[in-house]
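Add chain F to chain C, keeping to what the hints say.
So the sequence lines, in the order shown, correspond to chains C and F. For reference, each letter of the first sequence is one residue, going 0 to 288 in numbering that gives the first Met the number 0. For reference, each letter of the second sequence is one residue, going 0 to 309 in numbering that gives the first Met the number 0.
By construction, these hints were calculated from the structure, which means they are not laboratory data. Each hint should be verified, as a subset may be incorrect.
[As the list claims (entries may be wrong)] The calculated lysine-lysine pairs, modelled on DSSO-like cross-linking and capped at a C-alpha distance of 30 Å, are:
#, chain 1, residue 1, chain 2, residue 2
1, C, 15, C, 279
2, C, 34, C, 192
3, C, 134, F, 262
4, C, 192, C, 134
5, F, 203, C, 279
6, F, 203, C, 134
7, F, 59, F, 135
8, C, 128, F, 203
9, F, 241, F, 262
10, F, 59, C, 192
[Said to hold, decoys possible] Every beta carbon over 12 Å from chain C, so not counted as near; a handful from chain F, in silico:
#, residue
11, 38
12, 39
13, 93
14, 98
15, 111
16, 132
17, 160
18, 163
19, 169
20, 173
21, 201
22, 243
23, 275
24, 293
25, 294
Beta carbons are placed, not taken as given, at the ideal position from N, Cα and C, and that holds for glycine.
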Amino acid sequence: MGRDTILPMIQAYVGKMPPLPVTVSKVLEICNNPKTSPVDLNQVISLDPVLMGKVMRLINSAYYSLPNQITSLVRAIIMLGINTVKNLALSTAVLSNLGKASDFQALNMEGFWRHSIAVGVTAKLIASKRNMDVKLREEYFIAGLLHDIGKIPLNNRMAEEYVQAVSLTDRDHIPLYQSEERLLTVHHATVGKLIVENWHLGENLSDAVTFHHNLADYSGSHRELVLTVAVANLFSNTYELGFSGDRYPENLGAGVMQELGIDWDYLESLENAVKGEIEKAQVFLKVAS
Amino acid sequence: MSAIRLRFWGVRGSVPCPGSNTVKYGGNTACLELRFGEEGRLVVIDAGTGIRELAAHVMKTDLPKGPIKTQLFLTHTHWDHIMGFPFFIPIFIPTTELDVYGPVTFEDDTLDKILFGMLTYRYWPVRLEELASKIKYYNLKEGSRDLGEGLWVTTKYLNHPINVLGYRFEYRGKVLCSAYDTEPFRNVFDVPSDAPGYDAEAFKEGEAAAREENEKVSQFFRGADILVHDSQYTHKEYLAGKVGWGHSSFEYAVNEAHKAEVKRLLLFHHDPDRTDAQLERLERRIRANVEARGSPMQVFIAREGLEVEV
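If we strip away everything but chain C, and leave its shape as in the complex, we get (with noise of 0.2 Å):
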């Protein structure tokens, strides 16, 4: 199969992509509550990439007045109202019933869900120490949460080919994006790219999910986002926290590190801070960990 199959074929499915089986149950429990809680919608759409992204591409692409492209969530809430917001989350939840995924997979998708949440979680915590804006943090977190989306239709839809991908990786001790490009002709930062661009969630987005795994080729404005995004991945693929196939990821170059004004002993200091919020995060969602 080659990229000009592949792409078509992945924007195709951007459209009804469900969100991750460990928010579904969740989801509907939430917004199938008449009384839905607006803190609770809140923490259950900042747990799903998916979610999050339709959320972002509703309110960036409705108010086309902003002068900003808007990456709060809370702010979205209010700004499109609890009633739509719910809607939305429901209309796509309800997707994963559709078409079910093939159970046969290379990614676990709980382990995924896992990995997006620490890189989320991370990003953030180097925005904190690096005194970002407050409101700027919730951008990181975003990106974080975003950064493999890329790989959910490679899984999903071409599930026996990302087999082979993840398990080349494993045998050649490579980053997955080569292998993944070596045999799907794409990589998932260049599927991640056609998605956050389908849902028009703004190039601070965008520049994360495509330049993850590229940072020598990025020369645009968003620099220290996707820095920290490139960061944020290295070290939870390296502590294993969650897992998203790279078991052997590529090592950023000496002086990314340098640039955010980090090193790999205060990373380790973050370890139990992101365990602690997976864990929590677990707990609401009733996953079993």
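Below, chain F without anything else, positioned relative to chain C:
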């Protein structure tokens, strides 16, 4: 000669409510007739049940002068704002040209699909395909649009359990705004600090978001010559279980309009249970209050047949 004339054909919210208690103000749901300039160019806001009588009026006064060319602006697609559409007789006349504008939902369906879900075999004998006139549909978001001949419309999202647009029409320096169905934006993350999931950052962000959104709505109708504003509830009713239903109180509408230096405020979208007697009392009370605070703003309770011009 006035620049803009407004006439109400339906002033109720939620559901039509004919009966002895609604004779004076009327029982039809939302429909506003706007006329611009000497030509009396027709623009309609909303297709509630009031549009049936507007249709008869248009057939009598406009059609003899030539084919009907008009624009219909839907504030949103809840039933009470669209249910009269199949009774707008000009849509059955082949020479009619109608442009329908309105917001759509997150489902990405086009406006015609949303609007004419009700014109299917199971709900109604006439189907969309059977309408003889030329109808075009335009999905609107926030922005401004030139409607030609010096008429401009600007749109603003309001706060209701579905996407709702407020409309600001500007013509020859005069401004008419609609701000319904809507309620004040509020910080929905304002929960007790010991409640599960309380988040101090979310609370702070929510406060700022609600304040800024309310300010944007206020700016949207600032200085309007005519403002038609939602006032389905009294403040007391609003607080007693109607928060989040997407409607404002009389008190909120009056305060916001006064602060935004609106010249004439038309209180609109009356609750179906609101009687003529209650509305009369409310009008007296509100006018006395506005006068007491020295406001030059004129306030009216909207009623079917009421005409206002600037």
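| query | Against the structure shown, which of the earlier numbered hints fail to hold, in ascending order? | reply | 2, 3, 10, 17, 18, 21 and 22
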